[in-house]
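S.K.: Sequence:
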Amino acid sequence: MEAMLQIAESTATCEDTKTSSCCSQATQHRCMDEEGDAVREYLTEALGRMCRAMGADFLVYLPRILPRLLEVLTVKPKELKAEEAEDDEDMTYVILDSNTSLGLKTSLLEEQSRALDLLCTITTVLQDPLTSASLSTAQFASGSFLQPLAEAVFPLLTHLLSEDIKQKALETMASLIGTCKQLVLQYARRAAQAQGEGQPQVEEEARRSGASVKEMLRAMTLRTCGEVFKSLQDEDGDVDSMVAEAAGLNDCLSKAGGEVFTDEEVAQQALNVFSALEKSFERRIDISARKNRQDEEVDEDDMLRLEEEDQQEQTLRSSLLEIVGTLMATHPKEFLRSKASEAAAAFVQQFLREDAPDEDKSVALYVCDDILQHLKEDGLSLWPLFMPRLIQCLLSSDARVLQAAAYGVQQGALLQQAFQPFVQEAAKNLLTAVNRSQKTKNKMEQAATDNTAAALGDLLRCYGGSMHEEEQRVLLSAWLGNLPLKQDETEGLRMHKFLMEAVLQNNAVVLGPNASNLPRLLQILCAVYRTDFSDSDLNEEIKKLFAQINASGQPAPLAALCQNFTAKEQKKLQKILK
Numbered sequence: 028m029e030a031m032l033q034i035a036e037s038t039a040t041c042e043d044t045k046t047s048s049c050c051s052q053a054t055q056h057r058c059m060d061e062e063g064d065a066v067r068e069y070l071t072e073a074l075g076r077m078c079r080a081m082g083a084d085f086l087v088y089l090p091r092i093l094p095r096l097l098e099v100l101t102v103k104p105k106e107l108k109a110e111e112a113e114d115d116e117d118m119t120y121v122i123l124d125s126n127t128s129l130g131l132k133t134s135l136l137e138e139q140s141r142a143l144d145l146l147c148t149i150t151t152v153l154q155d156p157l158t159s160a161s162l163s164t165a166q167f168a169s170g171s172f173l174q175p176l177a178e179a180v181f182p183l184l185t186h187l188l189s190e191d192i193k194q195k196a197l198e199t200m201a202s203l204i205g206t207c208k209q210l211v212l213q214y215a216r217r218a219a220q221a222q223g224e225g226q227p228q229v230e231e232e233a234r235r236s237g238a239s240v241k242e243m244l245r246a247m248t249l250r251t252c253g254e255v256f257k258s259l260q261d262e263d264g265d266v267d268s269m270v271a272e273a274a275g276l277n278d279c280l281s282k283a284g285g286e287v288f289t290d291e292e293v294a295q296q297a298l299n300v301f302s303a304l305e306k307s308f309e310r311r312i313d314i315s316a317r318k319n320r321q322d323e324e325v326d327e328d329d330m331l332r333l334e335e336e337d338q339q340e341q342t343l344r345s346s347l348l349e350i351v352g353t354l355m356a357t358h359p360k361e362f363l364r365s366k367a368s369e370a371a372a373a374f375v376q377q378f379l380r381e382d383a384p385d386e387d388k389s390v391a392l393y394v395c396d397d398i399l400q401h402l403k404e405d406g407l408s409l410w411p412l413f414m415p416r417l418i419q420c421l422l423s424s425d426a427r428v429l430q431a432a433a434y435g436v437q438q439g440a441l442l443q444q445a446f447q448p449f450v451q452e453a454a455k456n457l458l459t460a461v462n463r464s465q466k467t468k469n470k471m472e473q474a475a476t477d478n479t480a481a482a483l484g485d486l487l488r489c490y491g492g493s494m495h496e497e498e499q500r501v502l503l504s505a506w507l508g509n510l511p512l513k514q515d516e517t518e519g520l521r522m523h524k525f526l527m528e529a530v531l532q533n534n535a536v537v538l539g540p541n542a543s544n545l546p547r548l549l550q551i552l553c554a555v556y557r558t559d560f561s562d563s564d565l566n567e568e569i570k571k572l573f574a575q576i577n578a579s580g581q582p583a584p585l586a587a588l589c590q591n592f593t594a595k596e597q598k599k600l601q602k603i604l605k
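Numbering (our numbering), first residue to last: 28 to 605.
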């Protein structure tokens with residue numbers, strides 16, 4: 028390791044050497060640069076492997092590695108005459124005007140990219156050692172590691188020459204923010220421990236250090252938001268890049284967690300998201316207009332390109348909506364107290380109206396789902412604005428709308444008493460949806476059916492005991508008729524575990540009179556055994572259940588309970604019993 032660091036230090040070169048203007052030595056410098064580039068590429072990759080292998084033992088080498096990383100990351104593009112940029116083969120540049128370009132050596136861009144990769148590796152691997160070791164290590168993490176690296180990475184978030192570097196810089200910021208958050212939590216734990224042990228000086232120092240790091244976390248996260256939203260508002264921005272930036276920003280916000288933003292700051296981020304969403308809707312209208320031009324025929328290639336643009340915009344809207352959900356999840360009280368809730372309400376009302384396109388409705392419903400999932404009962408004041416429309420959307424023939432509405436019912440049902448007034452209407456519409464005749468289903472339609480069936484299961488679980496017997500029977504029949512779930516693995520696992528729980532706890536609603544539904548329940552559990560819709564715990568419970576019934580013959584012999592199994596299911600049953 029020591030030899031590797033010595034080589035790395037000896038091969039470090041400055042930009043002035045790389046851009047030597049001595050024409051007589053140009054070829055010699057180029058050969059030396061190429062050799063140096065190859066060595067530095069190897070060393071960067073080797074240091075990453077060493078970090079992963081050594082773990083916490085790698086900490087002692089950071090003071091020698093970080094200066095070189097900072098040197099590489101802080102190299103900035105330079106203004107050049109247009110002809111100089113064009114004549115240099117090792118130059119990546121953008122044209123500013125007819126006479127001026129902004130450029131940087133391509134080899135240096137590649138080195139910056141590798142430096143960001145190494146930094147991500149270091150921050151990920153060493154997060155726990157940096158934040159859970161001694162006080163001196165924690166102080167190094169905040170003062171000599173996080174702060175200078177964040178300052179070096181920030182300008183790269185708006186890099187003009189490389190989308191790859193922009194995305195890697197955002198990934199790196201997420202990693203730095205995550206480490207900073209862990210450091211805040213570690214100081215809080217130390218303060219609490221010192222208080223319990225009667226060490227007021229240690230407690231005060233930990234609280235003071237924690238407050239300082241928390242302010243750093245807030246500043247890092249706010250600045251990242253500002254840079255990314257500036258890019259997302261760019262009228263000429265590349266949509267694929269926007270998707271990556273929105274996803275990267277959501278990762279940053281998730282890792283920053285709660286108690287970071289004030290009410291006003293939460294509102295500002297939410298308003299930025301809704302503004303970006305509306306711009307995406309505007310671009311969608313333009314795409315639709317180009318698809319349906321009357322003045323000229325749109326050929327097949329143009330139509331495919333427009334369809335691709337439309338799909339990119341849909342993906343962008345999904346990524347932006349994730350940010351809204353994260354803001355609600357991490358700052359629920361701030362979201363409700365601020366203009367963020369007003370913006371969410373206005374957005375939902377605008378795009379959930381009855382005459383809105385189905386895609387608009389589905390996007391608005393995702394916001395409603397986030398309100399139900401993350402704000403829970405605290406968001407009750409917003410329910411009158413969307414709940415009647417959400418339940419009506421269960422009757423939609425559009426799979427995206429149906430899936431989003433059904434998921435909303437699932438989240439509402441978990442709130443039990445608050446959702447009670449909507450149970451009857453929701454159950455009626457869910458039954459209509461699952462009974463709708465549709466022999467062949469694509470993946471989207473099957474996912475919608477899965478979510479609808481899961482919503483029925485949640486209504487039975489949360490409210491089945493208070494339903495009339497006939498209502499129980501109808502809902503149960505529809506629910507079991509759509510199990511096992513076939514497309515949504517997350518909902519499938521959740522429902523199949525609920526089914527097993529109902530059997531083990533002798534749930535009277537699910538088992539039916541005299542356990543009359545048990546044969547069907549066993550058939551479903553047999554079907555999901557060792558599939559993507561089960562997990563190791565559920566597989567083990569299924570195996571134990573069948574073995575227990577087979578051994579005891581209770582409540583009936585296993586052969587009798589499984590007599591309606593198909594030949595394939597009988598074969599699988601034998602494997603379960605082995």
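Hints listed in this document are in silico derivations from the structure and should not be mistaken for laboratory results. Predicted model only: the values in this text are computed from it and were never measured. Treat each hint with caution, since some may be false.
[Claimed, not checked] Here are the computed distance ranges between Cβ atoms for each label pair:
id, residue 1, residue 2, range
1, 419, 97, 36 to 46 Å
2, 376, 223, 25 to 35 Å
3, 215, 178, 58 to 68 Å
4, 408, 546, 45 to 55 Å
5, 219, 335, 50 to 60 Å
6, 329, 562, 45 to 55 Å
7, 329, 264, 43 to 53 Å
8, 541, 599, 51 to 61 Å
9, 598, 215, 24 to 34 Å
10, 377, 223, 43 to 53 Å
11, 264, 91, 53 to 63 Å
12, 223, 286, 32 to 42 Å
From the three backbone atoms N, C-alpha and C, an ideal C-beta is built for every residue, glycine too.
S.K.: Could you tell me whether the CB distance from residue 264 to residue 91 stays inside 53 to 63 Å?
M.R.: violated (39 Å)
S.K.: Using the C-beta atoms of residue 408 and residue 546, is the stated range 45 to 55 Å upheld?
M.R.: Roughly 47 Å apart at Cβ, these two residues keep to the hinted range, so it holds.
S.K.: Quick check: does the Cβ-Cβ distance between residue 377 and residue 223 fall within 43 to 53 Å?
M.R.: holds (52 Å)
S.K.: Per the hint of 25 to 35 Å, is the separation of the Cβ atoms of residue 376 and residue 223 within bounds?
M.R.: Taking Cβ atoms as reference, residue 376 and residue 223 lie about 50 Å apart, which means the hint is violated.
S.K.: Between the beta carbons of residue 329 and residue 562, is the distance compatible with 45 to 55 Å?
M.R.: holds (47 Å)
S.K.: Is it true that residue 541 and residue 599 lie within 51 to 61 Å of each other by Cβ?
M.R.: violated (26 Å)
S.K.: Can you tell me whether the CB distance of residue 598 to residue 215 sits inside 24 to 34 Å?
M.R.: With Cβ atoms ~56 Å apart, the hint is violated.
S.K.: That 43 to 53 Å hint for residue 329 and residue 264 (C-beta), does it hold up?
M.R.: violated (22 Å)
S.K.: Holds or violated: 58 to 68 Å for the Cβ distance of residue 215 and residue 178?
M.R.: 25 Å Cβ-Cβ, so the 58 to 68 Å window is violated.
S.K.: When you take the CB atoms of residue 419 and residue 97, is the distance between them in 36 to 46 Å?
M.R.: violated (57 Å)
S.K.: Are residue 219 and residue 335 spaced within 50 to 60 Å by their CB atoms?
M.R.: Given a distance of about 53 Å, which is inside 50 to 60 Å, the answer is holds.
S.K.: Is 32 to 42 Å respected by the C-beta to C-beta distance linking residue 223 and residue 286?
M.R.: violated (22 Å)
Of the hints listed earlier, those the structure fails to meet are numbers 1, 2, 3, 7, 8, 9, 11, 12, in rising order.
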